[in-house]
Structures are given as structure tokens and as C-alpha cells.
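*Asks:* Sequence:
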Amino acid sequence: MHDLLKKIEAHKEAILMGEIAALLHMFGKCSARFLRYNSRAGGHGNQWGYEDDGHASRDVFSASFLNNLDPVYKTKFKFPDPGGGQDWTINSFAEIPERYKRQRDDQRGPLLDILNTCHRMTSADEKGVVRWQQPIDDMCIVTPFGHHRPGDKIDPAYLDDLRKGMDQELTQAFDLYLRNEISIAELREQCVGILQRGLSQALGETREPANDVTLWAQSYGVASLYKPVLATLAMGLEPCPTKPDGNRDFDQINWRLLGFGWNGLGFVKRGRKPADILRRQDILRKILEAIQQAIEVQYPLGNLFYQDLNGVFLTFPGVDDDQAIPLVEELAKKIIPRVREISDGELWPFLTLSKPSRTLTMIIREIESRDKLAALPRVATVLSLAQRDGSRKEDHLLLDNPPLLGPVGGQDICPVCQFRGKPVVAQTCPVCRERRSGRQEKWEGARTGRTIWLDEVADTRNQVALLTLRFDLSRWLSGEWFTTIYSQTFDGWARGKRLFPKPGQVVKGLQDRISRGEILLPNSHPSRAFEAAKSFAHWVGGHPKATERKNILNTFFEESGGQVDDVDRLLDEIESLYRGRDEDAILHYFFSQNPSPARLFRIWEETQGFLRTWLSEIEEKTFAQRPQRLYFTTSHPVDGVRRGQTYRVTVPDLLPGPLVVLCLNASGQDFVTVDTLDKFCWQQGKDERRGFEVVRSALLNRGILAWADEETGQALPQTVCPTTVDANYFKAEHYLPYLVLAFSPVFCQVLLPADQAPETLRNLLDLFDQRFGKVLGKLPLHVGLLVAKRKFPLYVLLEAGQRLLDDDGFSSGMLQAPWWNTDSHAQDDFYGFYPQKEPESKRHRLTDLSPVDVTQEFWLTPGYFDFDFLGSTADARRLSYQANGQQRPLRPSIAYGDMHPRPFPLHRLRDVFDIWHDLTANLSQSQCHNLEDALCTKLEEWQTAGLETLPVFARFGQAVLCRSFGNSWDTLSENMKRRLDASLKDGLLLETLELFQHVIKEEGEKK
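Read in the working numbering, the sequence shown has 827 at position 644, and its numbers run on one by one without any break.
Accuracy of the hints is not assured; some may be wrong.
What the hints assert, rightly or not - Keeping only pairs whose Cα atoms sit at most 27 Å apart, straight-line, the calculated DSS-like set for lysine-lysine is:
| # | residue 1 | residue 2 |
| --- | --- | --- |
| 1 | K1168 | K1184 |
| 2 | K261 | K284 |
| 3 | K733 | K680 |
| 4 | K516 | K195 |
| 5 | K862 | K914 |
| 6 | K862 | K974 |
| 7 | K717 | K691 |
| 8 | K284 | K257 |
| 9 | K195 | K257 |
| 10 | K576 | K538 |
| 11 | K1184 | K1121 |
| 12 | K336 | K347 |
| 13 | K189 | K259 |
| 14 | K1025 | K538 |
| 15 | K1121 | K1025 |
| 16 | K259 | K284 |
| 17 | K1184 | K1160 |
| 18 | K685 | K195 |
| 19 | K517 | K190 |
| 20 | K195 | K261 |
| 21 | K804 | K1184 |
| 22 | K862 | K1184 |
| 23 | K426 | K284 |
| 24 | K1160 | K1121 |
| 25 | K469 | K517 |
| 26 | K717 | K685 |
| 27 | K336 | K804 |
| 28 | K733 | K691 |
| 29 | K190 | K257 |
| 30 | K1184 | K974 |
| 31 | K691 | K804 |
| 32 | K189 | K625 |
| 33 | K538 | K517 |
| 34 | K685 | K733 |
| 35 | K680 | K717 |
| 36 | K972 | K1020 |
| 37 | K538 | K516 |
| 38 | K190 | K516 |
| 39 | K284 | K733 |
| 40 | K469 | K516 |
If you are wondering where the hints come from, they were derived from the structure by calculation, not from laboratory data. In this text the structure is predicted, and so the values were computed from the model without any measurement.
Please construct the entire structure, taking both the sequences and the accompanying hints into account.
*Replies:* Here is the structure:
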């Protein structure tokens, strides 16, 4: 099989037309009529007189739009019949929205049959079981984690205006295309931009809890499945197996995921300066764009499904290995050289290919395989191919990489890229130098945003803090946690008209089985409804040939929902989703949320949105009052300075020492400070002032006594000394003193002043509880805090941050009581249930789910918090973990006697803040230090005695606390006393003192 890409390129226009059609096939859901009909006041006989929701109608499009599309789709949207028959076509574009839904005996043609399959696989909860309708005046979009953002309430009238506006823009885009003024690729780009903006504000499904999938996510999911199948047709291959009668079985279409991987985290952390790291992030973004352009447009095979710093995964045809491997080989020859070019030969990419599957939950296995490969040294491009037995074949060579060229005479290895040679006298190789200067020039064009200078990030103690956030989405992307979220309730089913068409009258066909006691009828008690549903599913699983199975399964649909056409086919689909067809798997299919492609896409889209919101809050809350830098001009050019270079300047009487400035132009007269001005003071007698005005006055009145190159430390001889500053050219510039050094949907590293870390962490906890309050205990967010001096090597700090909490043990769950207030949570019919046992076969059994309750234990996966102060590069070696049985892993290097409290659950960080408030509100700084010394000394003395001394230590600690607080102890609230006593026993009191007194070094209130 050769030249597969040429065949795809020859059908590029048809494939992209099909993708656009899939994006548009539910366009009518962006309408007031659709919302009203499907609202609590909708349905037949509603006040608006609608016969249906109207979304599957040509009337949702303007006549001018259809006039443009119909001839295009009739002539250009066609594919060869793999069986050698007539080309597969459609009669008009209007057929797509009108006939995409399956109807009995409807001869729509194979292209619409395939679209219908892709629609059903994407719209998992549109299988007709979601019952809870929203009121029309309070209809909203929620996140896949159940959060309702205030701005996501939908105005029906606005949707009509939005749809009409999109219609006009789309009409104009197609008009340009028909006049050959834009290409098919440009048309696709415009359509995606128009629809993504508009459809993201509409719902794919209005009923709760399926209102977590936007119309854009649903439409994009369908297009991402439709496109690989159209590419399969373009290659002349069969898209699916055949039935015994010889007809194609479109319900058995499979897909794959194609991955491009590399060590992105390692690539980013090599930077020595912020400008290096930011430029490396830009390179990774360009690589992602290049891969998307190749796979989505140039050789349209699929669409982006998941991306992070270590690579990207895209949907891909589910063809056999005999066709898939040659296709990947051709792609590698086209794309890998481009990746190497963009990274200047630094990245060593490889490819992964999943096995064919009906679902896309294999994404988590592909990510795990990719990350293992990314951690290995790589010298060639290989393909990691998933086998049907679950193993992987990783010895398929795709491309040899160019030979490594070591340094030649007069050169050594560049310390930044650690790859290219550089002159011995130079700081970096030419490539890294150009990257750094280019990123610096970009900053110079917009200096009021985030800084790129470490000296401006450091606090007044010259300390910086690195916050590392790491989401663990593995149990969501595998579909596991979705099995704990209900899509309908058993009580709702028990009251449904599919089971009881009339009050007290059960549906025909079940009476005989009920009278024999083979299946149970529900009554008013909720647990009875669950037992009845379980008996229904059990009977279906135990009678593989019985005709009554269809009648029983049809009761699980809501009144206007679907019905079972082929029971065995349905059970096959259930087995592909839940790895079984037992009663629990059957009930999961009808009662719990499904991991549809659209929902999986929304999972990482939401965590990415959370991280962006948190970064926005850093700007708006933490740095609401932005610091200032000072722009100034010297009275005459400064000898020896170069544009873009930083210098340490000595200003008489300005403490604590030299000030860092940047030369802005070749004339050597314009400069800007790139230092934290609040740390500088100018002492005149007993009067000491700090900050911006002090630096300005010192420069104006005393001038600059000496200049030194910051990189080399070499002094610059001056013909005029001191250097005077022009009083007419001073200007203040506000800036944001933090840096985003790594960002993806699951990983983020932020560098900020150490003294701002506590407030930033408080805001993070508040935002997390707000956005993910309905899935607390199910969505782990691990947070690490490292503090270091400004001069600490940045690349070491980044690598240490990546090592924090990077241990497989933190992804394990455990039985524990909920730590949050569960009163309102337990009343939630959909999100309020938690497992009391660990999962089996990647799913939680419904029999193990119970309403969440603080008095019981549940199987939870909490996030963790770890912190440290790095005084030297050797300290980074402390950041390792060891197994601790069924409990969380421990930091063996951190101990207070036999106590190993670190890392601790992230939610306990609130307790740390409360404990510090309790201490500083009542004790002086010296008293806090004395308290810490007394407790640590005793624990060290008793360490050899073992854990049996801990009860004695608790009594000793209580006595020390009472003595430290003195008379104020009796005035403390009982809640505060309990908190302090508990923190003595679990080590959190000592961790609080360590964090604030030795890591952040925050001073308490003076008493």
C-alpha cells in the first residue's frame, strides 16, 4: 500500500467539506425554539405551539446560505465506493441536518449513515435517558464537573441573534470560497472560528446533568470522528466490517489515536533565563500548530483530541495495521522534519498509535506510554504501536535522525540547549542567543505586562517562589469517575411512563415475569427502585435469547427517548464501554454518564480554563497594586554599554547595593530598571525611605558611581563619573512581577515573589472549591511550593518543581472520610454519590455508591501539597518519595522525630493558614521560634524510642502551648484549641512553623 497521502490530498476538499458539514449538522440547536421545546414547559401542547424542537430543519439556515451550499455539496462532497460501485454522494446540504438522525427503513445513503454513527458515539447522553428538564428562564451550561458559572446562563432570544449572525458570516465565507478568493483550507479556518465562538454559548443537550457539553464540543466531537472515516474512504478502504447479510455494519466503525510525543518538560526546563524558557514555550506552541495544520488540513486525517507539553494526540482512521503503519510512515517523513526544523534540531519526536477502538478512553493508556518514551534518551523517530492484547511494539523505526555534531576546536557545549557547540568565550550558542534576544525584544515592545526579569520577581528579601500545579486526570479520561455520576435517577425511572404508561399499570410484556417474581417492581422507597432496576438488568443478562429483553430495556428510556432496535448490538456497545455486559454494566449504560469524546474533550478544556482563571486572579487580586519600574535617561552616553544588556549600577547611599538596569538603545543613554525597587532604601540620618521614589531621588541627586556587566561582573571604565541623570526624562512603568514558566491543561509552573505565595495559594484553594466543589475527592490537584534566593539557578529550580509530587503513589485512592461539608452535596441527585470500595475493571459498581456523608468512609483520590526551601542545588535531592503501604507516599528526608507529615493533603493547607493566624494573633515572632525549638528538640531526643512516645509528646506539646500562650490560652475559642491540639499530633503545627518561618520567612505580628 503506497501513496496513501496522495489519495487523501486528492480528496482534501471533500474531506474538509464533510468536516464542515459535521460542525453544522446540529446548527439548529442554537435557537430559542430548541431551548423552549426541550424546557420544562416544552414538549407537545406547549404554549408556543411547536410540534418539534425544529433543529433538524433546513429552516434554521437562511436561503442565501443554502443556495451557496447545496450545489457545492452535491458536486464536491463525494467519495469512491470501496466496493467498486457508484461514488457515495448526497443530493443537497439540507439532507445533512434533516436526515442525520437514524430512522427506520430510511435509505439515506452511506455518508449520512456514517455521520449518524459518529453523532451517536459523540452524543453519549442523548441515548434518551436524561429526564431532568431545565426551566426556560433559568437554562444554563455547566462544566463537566458540575459547576454552574454565573455567565453561562442562556438567553433564548440571544441565541437566535447569535445564530443569524453566524449564518451571515458563514454565507460570506462560502461566497468568497465559491469566487475562488479563499482556499478550502481558509474556508475551514473561518468556519471553525465562527462556529467555535458561537456554538460554545449553546447547549448540545438541554437536560440535566447532560448540560455539561456545549454545542461546540458536541459538534467538534462528531466532526473529529467523521473526518477519519472520510479519510478512510478517500484511501479506497472499507470503513467498517460487513454484516452476515453482506451489508456494511456502520455501527462497528473503529477509530485510533495518533500521538506525536517528545520530552517537552525537559525542553522547557533547560532555559537559564526566563527569556530562554518563554521562547521554548513559543517553540512548543509552533510545533503544535504545525502538526495540527498537517493532520487537520494538509492531509486531513483527524482533529486534535488532547495536548500538553509532552505532545499531542489526534483522531485517526481505525484501519488495520497493514494500512495504518504505511500511512504513519508517510506522515512521519512529512511532519518530523518540520518539528526538527522548528526546534532547531533539539526535540527528538516519536509517534504513538493506539489500537482500533469504538471509544476514545484509550487516551489515558496512550498518554502513559508516551510519557515513558519521553523520559528515555532518543536518537531516532520510532513508532510505539498498541497491540490488541494490551502490550506495545516499540521497535518500528520511522526515521533516523541526523548525526550528532559535537563541538569543534575552540568550542564547548552550550549550557542552555546542552546540544550545540559554542565558542568558549561566549555565554551561549548562536541559536540560544538569538532566541533569548528575540524574546527580550518582544517584551520591550510591551513592557507593561508580565516581566521577564528575575530581579523584578524577587521580593524585598530577594526570594522567589515557584508554584507547580499538577492535575491528575487519569481516572476521568479513562471514564472511571464518570461511573459515579448519574445521568438519571432510579426514582425518576420508577416514575417514568415507559414503565408505567398509566398510573399503576405496568407496560405490556412484563406482567408475566413480574408475577413469577423474576423481576421486581419499584415502590415509593428509593432503594426499592434501585433493586428493581437491578433485577431488570440481571434478567436481561441471564436470558441471552429471550424476546422480552427489548421490552425490559426500553423501560430505561425517558418518554420521548429512543428504543432498542437490536439487543445484542446494544450489549456489544455496552461491553465496549464498560468491559462487560453484566447487570452493573447495563445499569451504568442507562444510569451513569458516558465518557463520550465531547465530554472527554471538555474535561481537559475545563482544567485548562481553571488554570487560566487562576492566572487572571493573580493579576487582578494578588497584584491589584502593580509595582513600578523606572525609565530614565542619562545626561550623556555611557561608555561600553550595549543595547539589550543588563548592568549593575552603584548609586551612592542607595542600599542594599547595586541596582539592575537594562540598556534600551544603541546610543547608550536610555535605561529602565529591572529590579524590585521596594527593597531599596536611601538612609539620611535617622530617616529611611524605600521604593520607587527613593530610587528616583537617589539617581537624580547622586547619579551613578559605577557600572558593571551583570553577566560577567566586569566593571565598565567611565570617562565621566558619576553618571548624571536627566531630570526631564523620568517615567514610571507598571508591570506584573510574575512569570508563567510552563503551561498546559494539566501542568503549570508560576514564579512569583515569595512573600506573595500565601495569598496566591489562598486564592487557589477558594477557586478550586468553587469550580470543582461537586467532585471534591475525585479530582486530584497536586501543588508544590519551592522557595529560593534570586541567584538560585533557574533550571535547577524548574527541574525540582517537576519532581515535586511526581510519584505514581499519589494517584492511588484510599478509604477516608470526606473533609468538606457534605450537607448540600449529599442532596445532589447526580453528583452526590461516592464509592465505598475501590474500582473494578476501571469502573465503580453502582452497588458501591452511596450519598456522600462525613460520618462514613469513601474511596477518594485527594490532591497533595509539598514545599521546601532550596538553599543550594544539593537540596533538590531531598525531593524524593518512598512508599508508605496503603497511605500516601512520604518524604523520607523531612521528619520531626518519627513524624513524617509531608506531603499532606492539599485541603489541609487551609488548616495551615488558620494555625498560623492563631499563632501570630497571640504570639510574638520570638515566641513562635521558641515554641518550634522546644517541640523539635523533644521529638529528636525521643526519636530512638519510636512511635510509642507520641502520646507522651502530645501531652508535652500541650504544656508547651499553654506556657507559650500564657494567660491568653484560656481566652482562645474551643475550636482554636482543638485545632492546635490536633496539629500537635499530626505534625501540622511544626509544618506551619517551618513553612512561614523558614521557607516563606513571613514575620508575624509584633507583640
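*Asks:* It remains to establish, for every hint, whether it holds in the given structure.
*Replies:* Here is what the structure says about each hint:
1. K1168 x K1184: holds (24 Å)
2. K261 x K284: Distance ~20 Å between K261 and K284 Cα, so the pair holds.
3. K733 x K680: holds (16 Å)
4. K516 x K195: holds (19 Å)
5. K862 x K914: The given pair, whose Cα atoms are some 19 Å apart, holds under the 27 Å limit.
6. K862 x K974: Within the cut-off at roughly 16 Å; holds.
7. K717 x K691: Roughly 19 Å separates the two Cα atoms, so the pair holds.
8. K284 x K257: Given that 27 Å is the threshold and the Cα spacing comes to 20 Å, the pair holds.
9. K195 x K257: holds (16 Å)
10. K576 x K538: Roughly 11 Å between the alpha carbons, so the hint for K576 and K538 holds.
11. K1184 x K1121: Given pair K1184, K1121 holds - Cα atoms ~23 Å apart, limit 27 Å.
12. K336 x K347: holds (20 Å)
13. K189 x K259: holds (18 Å)
14. K1025 x K538: holds (18 Å)
15. K1121 x K1025: violated (47 Å)
16. K259 x K284: holds (23 Å)
17. K1184 x K1160: Roughly 25 Å between the alpha carbons, so the hint for K1184 and K1160 holds.
18. K685 x K195: At roughly 54 Å apart (the allowed maximum being 27 Å), K195 and K685 break the hint.
19. K517 x K190: Since the Cα atoms of K517 and K190 sit roughly 15 Å apart, the hinted pair holds (cutoff 27 Å).
20. K195 x K261: Cα-Cα ~11 Å, so holds.
21. K804 x K1184: holds (22 Å)
22. K862 x K1184: holds (15 Å)
23. K426 x K284: holds (21 Å)
24. K1160 x K1121: holds (21 Å)
25. K469 x K517: Since the Cα atoms of K469 and K517 sit roughly 16 Å apart, the hinted pair holds (cutoff 27 Å).
26. K717 x K685: holds (23 Å)
27. K336 x K804: holds (25 Å)
28. K733 x K691: holds (12 Å)
29. K190 x K257: OK: K190 and K257 at ~21 Å, within 27 Å.
30. K1184 x K974: holds (17 Å)
31. K691 x K804: violated (63 Å)
32. K189 x K625: violated (40 Å)
33. K538 x K517: holds (23 Å)
34. K685 x K733: Answer holds: K685 to K733 is near 20 Å, not above 27 Å.
35. K680 x K717: Holds, at about 19 Å.
36. K972 x K1020: Not OK: K972 and K1020 at ~46 Å, beyond 27 Å, violated.
37. K538 x K516: holds (22 Å)
38. K190 x K516: Holds, because 16 Å separates the two Cα atoms, which is no more than 27 Å.
39. K284 x K733: Answer holds: K284 to K733 is near 21 Å, not above 27 Å.
40. K469 x K516: Satisfied, since the Cα-Cα distance of roughly 18 Å is no more than 27 Å.
Of the numbered hints listed earlier, those contradicted by the structure are 15, 18, 31, 32 and 36.
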